[in-house]
Amino acid sequence: MISARGLTKTFNKTIHAVRNVDLEVDAGEVVVIVGPSGSGKSTVLRCLNLLEIPTEGEVVVDGFDLTDPSTDIDSVRAEVGMVFQQFNLFPHLTVLENITLALKKVRGKNKKEASEIAMQQLARVGIPEKAESFPRQLSGGQQQRVAIARSLAMKPKIMLFDEPTSALDPEMVKEVLDVMLKLAADGMTMVVVTHEMGFAKAAADRLVFIDEGEIVEVGLPEEIFNNPTHQRTKDFFNKILY
Amino acid sequence: MADNKPKKRRVRDSRPWWDTFPWWGVLVLVLIGWMAWQISFNSNYELAWDRIWPGLRVTIRATFQSFGIALVLGLLVGMGQISKNVFFRNIARTYVEIIRGIPILPLIFVVALILIPLLELDKFLNFEMRATVTLSVIYGAYMAEIFRGGIQSVSPGQSEAGRSLGLSRRQTMNSVVLPQAMRAIIPPLGNDFIAILKDTSLLSVLGVLEITQRARQFSASTFKFREGYFVVAFIYLLLTLSLSVLLSVLERRMTRDRKGER
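Here the protein sequences line up with chains A and B, keeping their order.
Here the first sequence stands for residues 1 to 242, numbered as in the numbering used here.
Here the second sequence stands for residues 1 to 262, numbered as in the numbering used here.
If you are wondering where the hints come from, they were derived from the structure by calculation, not from laboratory data.
Don't take every hint at face value.
Label-pair ranges, simulated between beta-carbon atoms [claimed, not checked]:
(1) R100(B) <-> L181(A): 53 to 61 Å
(2) D72(A) <-> G149(B): 27 to 35 Å
(3) R61(B) <-> D62(A): 52 to 60 Å
(4) K112(A) <-> E97(B): 47 to 55 Å
(5) K155(A) <-> L118(B): 56 to 64 Å
(6) L238(B) <-> R136(A): 36 to 44 Å
(7) I91(B) <-> A27(A): 46 to 54 Å
(8) I98(B) <-> E129(A): 49 to 57 Å
(9) K201(A) <-> E97(B): 52 to 60 Å
(10) Q120(A) <-> S248(B): 38 to 46 Å
Over the 12 Å line for every Cβ pair with chain B, so calculated as not near, a few chain A residues [said to hold, decoys possible]:
(11) M1
(12) E56
(13) K111
(14) A185
(15) G187
(16) E222
(17) P228
(18) T229
(19) K234
Where is the CB? At the ideal position from N, CA and C, for every residue including glycine.
Work out the full structure, taking the sequences as your base and the hints as a guide.
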């Protein structure tokens with residue numbers, strides 16, 4: 001589904017955010033990326049839908065080579081959902097309008113069809129009653145669930161999550177993770193950057209540990225948690241609480 | 001300790017009414033009332049008023065036309081400044097920097113008396129049109145900055161979210177970024193509208209018969225300088241004050257209609 005080879009991203013020609021990363025994600029797989037802050041894990045994720053343009057290397061998503069300039073990136077992005085740390089809901093639109101916007105503009109649905117799909121997805125994330133609210137009237141957890149519903153409404157083949165719970169108050173983390181767990185159980189292909197080791201344990205098919213822009217270790221979550229082979233991985237897991 | 005407490009607890013609500021009363025409004029109203037009285041009952045002021053106010057048509061026409069053209073120009077140039085295209089970006093930037101660096105009065109001379117004849121447009125444009133074009137070109141640059149700033153005030157996360165959903169650059173700009181930028185754009189645009197109204201007085205240097213020019217002519221021919229210039233100042237004040245009241249009502253209504261917004 002996703003295949004990145006030799007992925008490298010440098011900023012200002014000197015700062016290596018990502019170095020020579022190879023990552024394969026199969027359909028239905030849940031891959032969790034962990035690592036210290038500033039390690040480049042978000043940059044890797046953002047290269048997968050070209051929010052960052054890789055300096056070198058190749059990214060193939062769903063058969064489309066993203067680094068090829070002739071690829072229509074808009075149509076690839078329509079198939080790849082993205083959930084952000086800061087939610088990035090559109091504050092001038094209601095919850096329903098947030099979800100229907102792309103359905104109407106990109107998928108060409110009429111208002112009625114789009115609203116139906118939006119309501120289905122809102123029910124799926126558990127807040128259909130908030131359809132007419134504006135984002136600022138919702139709690140952080142609710143906003144993030146709307147953001148997930150907004151992506152899911154496009155029927156994406158892949159979902160990318162960029163630290164989806166990091167901006168949330170602690171008591172709201174669970175409601176978002178529950179939605180994500182359900183999604184994983186439904187067989188969605190997911191790449192998740194997170195600090196939630198509990199989620200990684202429960203849902204990840206593979207855990208990728210990134211440090212200083214490089215993949216240090218890849219494996220089953222249990223293996224890496226219990227006996228990491230690299231010193232850097234050991235240091236990281238010794239420092240965090242979970 | 002305990003007996004200090006009530007004194008320290010003085011909060012805003014306890015301020016007396018005369019502290020918060022808008023006295024300035026009373027003073028302005030008194031001034032306006034006095035001028036209105038003079039114009040109605042003093043024959044010299046009446047004469048000045050009769051000679052000057054027909055110029056209002058020109059003043060208002062020039063204001064609306066300049067504002068309209070400047071709005072379009074400003075949006076185009078503002079978008080140009082944040083364009084990915086290196087050519088457009090630099091053309092837009094050059095234009096803005098040159099205009100902003102020169103005072104309006106010499107710019108009016110340069111554009112209306114030199115550039116327009118140089119481009120051989122003087123055959124089609126009378127002096128009022130030339131002056132209107134000049135004001136548009138000047139305010140187009142100011143408004144470009146307003147549009148650019150407004151668009152950039154919308155967090156980049158918003159357009160990333162739009163693009164991630166598969167919206168094109170243009171769709172994201174129109175449906176996501178511009179509606180939010182409007183909140184930052186509309187108040188300063190209102191200020192510019194008032195500023196244009198005031199700056200149409202500069203058209204008098206080209207001999208355009210708007211109210212300032214008429215006041216000058218009236219004063220010079222009758223030697224009634226006080227009457228002529230008081231009346232023209234009064235007209236401007238009346239226009240700008242009522243416009244700013246109108247604009248603040250408009251702004252308030254805009255923010256109330258979308259109560260869900262920040």
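Evaluated hints:
1. R100(B) <-> L181(A): 53 to 61 Å: Cβ of R100(B) to Cβ of L181(A): about 56 Å, so the range 53 to 61 Å holds.
2. D72(A) <-> G149(B): 27 to 35 Å: Holds: the Cβ-Cβ distance is about 32 Å, inside 27 to 35 Å.
3. R61(B) <-> D62(A): 52 to 60 Å: At roughly 58 Å between Cβ atoms, D62(A) and R61(B) fall inside 52 to 60 Å, so the hint holds.
4. K112(A) <-> E97(B): 47 to 55 Å: holds, 50 Å
5. K155(A) <-> L118(B): 56 to 64 Å: Given a distance of about 60 Å, which is inside 56 to 64 Å, the answer is holds.
6. L238(B) <-> R136(A): 36 to 44 Å: holds, 40 Å
7. I91(B) <-> A27(A): 46 to 54 Å: With Cβ atoms ~48 Å apart, the hint holds.
8. I98(B) <-> E129(A): 49 to 57 Å: holds, 56 Å
9. K201(A) <-> E97(B): 52 to 60 Å: holds, 57 Å
10. Q120(A) <-> S248(B): 38 to 46 Å: Since the Cβ atoms of Q120(A) and S248(B) sit about 44 Å apart, the hinted range of 38 to 46 Å holds.
11. M1: holds, 17 Å
12. E56: Its Cβ never comes within 12 Å of chain B, the nearest being 21 Å, so this holds.
13. K111: Non-interface label stands for K111(A): nearest chain B Cβ at 14 Å, farther than 12 Å.
14. A185: Non-interface label stands for A185(A): nearest chain B Cβ at 24 Å, farther than 12 Å.
15. G187: holds, 22 Å
16. E222: holds, 32 Å
17. P228: holds, 33 Å
18. T229: At about 35 Å from chain B, T229(A) clears the 12 Å cut-off, so the statement holds.
19. K234: Check passes; 35 Å lies beyond 12 Å.
Taken one by one, the earlier hints all hold for this structure without exception.
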